[in-house]
Amino acid sequence: MTGTWTLRLPDGTEFAGPVVDVRDLATDSAPGAIRRAIRGGCPTRPDRPTVHAPLPTCVHSHVGHLEPDVSIDRRTALAAVGVARGIDTPHDAELDRVQRSLRDLSVPTIDDAELRAARRRAAEAGSETERLRERVATLRGRVAARRDDGDSDGDGDDDAVAEAEASLSEATRQLSEASTERVAATQRLDTLEVRARRARDAREDRFRLEDRVENLRRARRAALADAVEPDVQDARARLESMIGDRVAGPGGNDLHDALAVAAIAPLRAPIVADPDVVAALGGPDAAFEWFGTPLVIG
Amino acid sequence: MLLVVTYSRRARETLRNACRSHEETVVRQFGRAALLRETEYGAFLTCRLRERHAEDVQIERTAPFNEFADAPDAVREAAVAYERRDSPYTPYDRFAAGTDHPDAAEMRGREL
Chain Y
248 MTGTWTLRLP DGTEFAGPVV DVRDLATDSA PGAIRRAIRG GCPTRPDRPT VHAPLPTCVH
308 SHVGHLEPDV SIDRRTALAA VGVARGIDTP HDAELDRVQR SLRDLSVPTI DDAELRAARR
368 RAAEAGSETE RLRERVATLR GRVAARRDDG DSDGDGDDDA VAEAEASLSE ATRQLSEAST
428 ERVAATQRLD TLEVRARRAR DAREDRFRLE DRVENLRRAR RAALADAVEP DVQDARARLE
488 SMIGDRVAGP GGNDLHDALA VAAIAPLRAP IVADPDVVAA LGGPDAAFEW FGTPLVIG
Chain F
43 MLLVVTYSRR ARETLRNACR SHEETVVRQF GRAALLRETE YGAFLTCRLR ERHAEDVQIE
103 RTAPFNEFAD APDAVREAAV AYERRDSPYT PYDRFAAGTD HPDAAEMRGR EL
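First to last, the sequence lines map onto chains Y and F.
Counting from 1 along the first sequence, just add 247 to a position and that's the residue number in the working numbering.
Counting from 1 along the second sequence, just add 42 to a position and that's the residue number in the working numbering.
Simulated from the structure, these hints should not be mistaken for laboratory data.
For glycine and all other residues, C-beta sits at the position ideal for the given N, C-alpha and C.
Treat the hints loosely; a few may be bogus.
[To be verified] Label pairs and their computed distance ranges (CB to CB):
| id | chain 1 | residue 1 | chain 2 | residue 2 | range |
| --- | --- | --- | --- | --- | --- |
| 1 | F | Arg152 | Y | Asp339 | 47 to 53 Å |
| 2 | Y | Asp458 | F | Ser63 | 22 to 28 Å |
| 3 | F | Asp112 | Y | Glu381 | 25 to 31 Å |
| 4 | F | Ser63 | Y | Ala340 | 39 to 45 Å |
| 5 | F | Arg52 | Y | Gly333 | 28 to 34 Å |
| 6 | F | Ala116 | Y | Pro355 | 36 to 42 Å |
| 7 | F | Met149 | Y | Asp343 | 40 to 46 Å |
[To be verified] Residues from chain Y that keep clear of chain F, each with C-beta distances beyond 10 Å, as calculated:
| id | residue |
| --- | --- |
| 8 | Pro293 |
| 9 | Leu302 |
| 10 | Ser308 |
| 11 | Arg332 |
| 12 | Thr336 |
| 13 | Arg347 |
| 14 | Leu352 |
| 15 | Ser374 |
| 16 | Arg380 |
| 17 | Gly388 |
| 18 | Ser416 |
| 19 | Thr419 |
| 20 | Gly491 |
| 21 | Ala526 |
| 22 | Gly530 |
| 23 | Ile544 |
[Stated by the list, open to error] One side only, chain Y facing chain F, incomplete, derived with CB under 10 Å:
| id | residue |
| --- | --- |
| 24 | Thr356 |
| 25 | Asp358 |
| 26 | Asp359 |
| 27 | Leu362 |
| 28 | Arg444 |
| 29 | Ala446 |
| 30 | Arg447 |
| 31 | Arg450 |
| 32 | Glu457 |
| 33 | Asp458 |
All chains, full assembly: derive it from the sequences and hints.
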């Protein structure tokens, strides 16, 4: 608990810790901005506060800014304390192993654009073939009708028949080309679909591993939280015997948890505490004592 | 129907959300897969999934299976006969041996 740290504001004002009080400062150095500077480290933009202090542990994001209406995800915060304390759990080895398998797994890429182009080509070839098939049927009907006309009038309009026949033969040629294209497009799409299906087997493996990792992480978080639970409860009991219900408010319960977590957690960096919270703890010195870490009051 | 199968956690999450918000279009949902109604809206949802997750979603268009049209007679008849067998513990290969029923390995190798 050395507590040496410095805060430099955009206007050049500098403060040195352990406890820095910024209650009377302008809004552009609001506690939120200072908290961000503590988390972000150096360098910062010239119009923002700068903090020279060790970088915070992962618990800091849960209890780095303590206000009367603070809200805290208790179990996640407890797990973070476990991580910051370097507690081992029975799930660590398995989690490492599964994460390594996941990293080593090579998932063949599927060229999505190529597959999409093949789908489009097959669809277009299909509808073009259908269109030409209908046209050929129509023209075939027209040729037959012209021939019938010729037969019934007796004088035979050879030109009309010839013209209809020419259209039919052109349409038939186009249909044959379109059918060839349709076959080629369908085969190409089938080939790519088969390849995509095979690539999905590896995705399937990856998916199972990802689920496994997530389950192990959850189990690990629960184990970490369980491991620090007794300490947090002790700290909360000490806190409540010390301050009673001096910090009442809508978030009173969360605040008590947050204060208990902050007291037992390795935080490393300064935290920001609301003046009312500091007062409830018995003033700056008592608050510094309680948190065991440097403090910004604001 | 449209069968949608997802292959990543994010794709599964999107599918679950889509199923929750569009119950009228969902025929069935099974974990990471769903059957959607074959409506334009079903197509709209599947196109969105494909657009967002590319090949992390597999989309198939299903059709009812008609055993009289889609399976060879011998296959269908073998299935019926096997389900009506006397001893429930007879494996299919032993059941089929020495009969006209098709061999399991042969059936595995033949596409419909």
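The hints, checked one at a time:
Between Arg152 (chain F) and Asp339 (chain Y) the Cβ separation comes to about 50 Å, which falls inside the hinted range of 47 to 53 Å. Taking the beta carbon of each, Asp458 (chain Y) and Ser63 (chain F) are about 23 Å apart, inside 22 to 28 Å as hinted. Here the CB-CB span from Asp112 (chain F) to Glu381 (chain Y) is close to 28 Å, well matched to the stated 25 to 31 Å. Hint check: Ser63 (chain F) to Ala340 (chain Y), Cβ distance near 41 Å, so the stated range 39 to 45 Å holds.
At roughly 31 Å, the beta carbons of Arg52 (chain F) and Gly333 (chain Y) sit within the given window of 28 to 34 Å. Distance hint check for Ala116 (chain F) and Pro355 (chain Y): the Cβ-Cβ separation is about 38 Å, which falls inside the suggested range of 36 to 42 Å. Checking the proposed 40 to 46 Å range against Met149 (chain F) and Asp343 (chain Y) shows it holds: the Cβ atoms sit about 45 Å from each other. With a least beta-carbon separation of about 39 Å from chain F, Pro293 (chain Y) lies farther than 10 Å from that chain, consistent with its non-interface assignment.
No Cβ of chain F comes within 10 Å of the Cβ of Leu302 (chain Y); the nearest lies about 30 Å off, and the non-interface call holds. Remark: the non-interface label on Ser308 (chain Y) is consistent with the geometry, its nearest Cβ contact in chain F lying 23 Å away (cut-off 10 Å). Listed as outside the interface, Arg332 (chain Y) is consistent with that label: its C-beta sits roughly 29 Å from the nearest C-beta of chain F, beyond the 10 Å cut-off. Under the 10 Å C-beta cut-off, the non-interface status given to Thr336 (chain Y) relative to chain F holds; the minimum distance is some 23 Å.
In this structure Arg347 (chain Y) is separated from chain F by more than 10 Å, as the shortest Cβ-Cβ distance comes to about 19 Å. No Cβ of chain F approaches the Cβ of Leu352 (chain Y) within 10 Å, the least distance being about 13 Å, so the stated non-interface status holds. Once the 10 Å rule is applied to beta carbons, Ser374 (chain Y) is consistent with being away from chain F; the minimum gap is 16 Å. Interface exclusion of Arg380 (chain Y) from chain F stands, the closest Cβ pair being 22 Å apart, more than 10 Å.
With a cut of 10 Å on Cβ distances, Gly388 (chain Y) stays outside the contact zone with chain F, its closest approach being about 32 Å. The Cβ of Ser416 (chain Y) sits about 37 Å from the closest Cβ of chain F, beyond the 10 Å cut-off, so the non-interface label holds. The beta carbon of Thr419 (chain Y) is kept farther than 10 Å from every beta carbon of chain F, the shortest such distance being approximately 32 Å. The Cβ of Gly491 (chain Y) lies farther than 10 Å from every Cβ of chain F, with a closest approach of about 45 Å, so its non-interface assignment holds.
Consistency note on Ala526 (chain Y): stated as away from chain F, and its beta-carbon is indeed over 10 Å from all of that chain's, at 45 Å minimum. The beta carbon of Gly530 (chain Y) sits about 48 Å from the closest Cβ of chain F, which is more than 10 Å, so the claim that it is off the interface holds. Non-interface status of Ile544 (chain Y) relative to chain F is upheld: no Cβ of that chain comes within 10 Å, the nearest being about 42 Å off. About 8 Å separates the beta-carbon of Thr356 (chain Y) from the nearest beta-carbon of chain F, less than 10 Å, and the hint is met.
For Asp358 (chain Y), the shortest C-beta to C-beta distance to chain F is roughly 9 Å, which falls under 10 Å, so the interface hint holds. Interface hint at Asp359 (chain Y): satisfied, since its Cβ lies 4 Å from the closest Cβ of chain F, which is below the 10 Å cut-off. At its closest, the beta carbon of Leu362 (chain Y) sits 7 Å from a beta carbon of chain F; the interface hint therefore holds under the 10 Å criterion. For Arg444 (chain Y), the interface hint holds, the least distance from its beta-carbon to any beta-carbon of chain F being 8 Å, beneath 10 Å.
Checking Ala446 (chain Y) against chain F: minimum C-beta separation of about 7 Å stays under 10 Å; hint holds. For Arg447 (chain Y), the shortest C-beta to C-beta distance to chain F is roughly 6 Å, which falls under 10 Å, so the interface hint holds. For Arg450 (chain Y), the shortest C-beta to C-beta distance to chain F is roughly 4 Å, which falls under 10 Å, so the interface hint holds. Evaluation of the Glu457 (chain Y) hint against chain F yields a held restraint, the C-beta minimum of about 5 Å falling below 10 Å.
With a cut of 10 Å, the hint placing Asp458 (chain Y) at the interface with chain F holds, because the nearest CB-to-CB distance is about 7 Å.
Violated hints: none; the structure is consistent with every hint.
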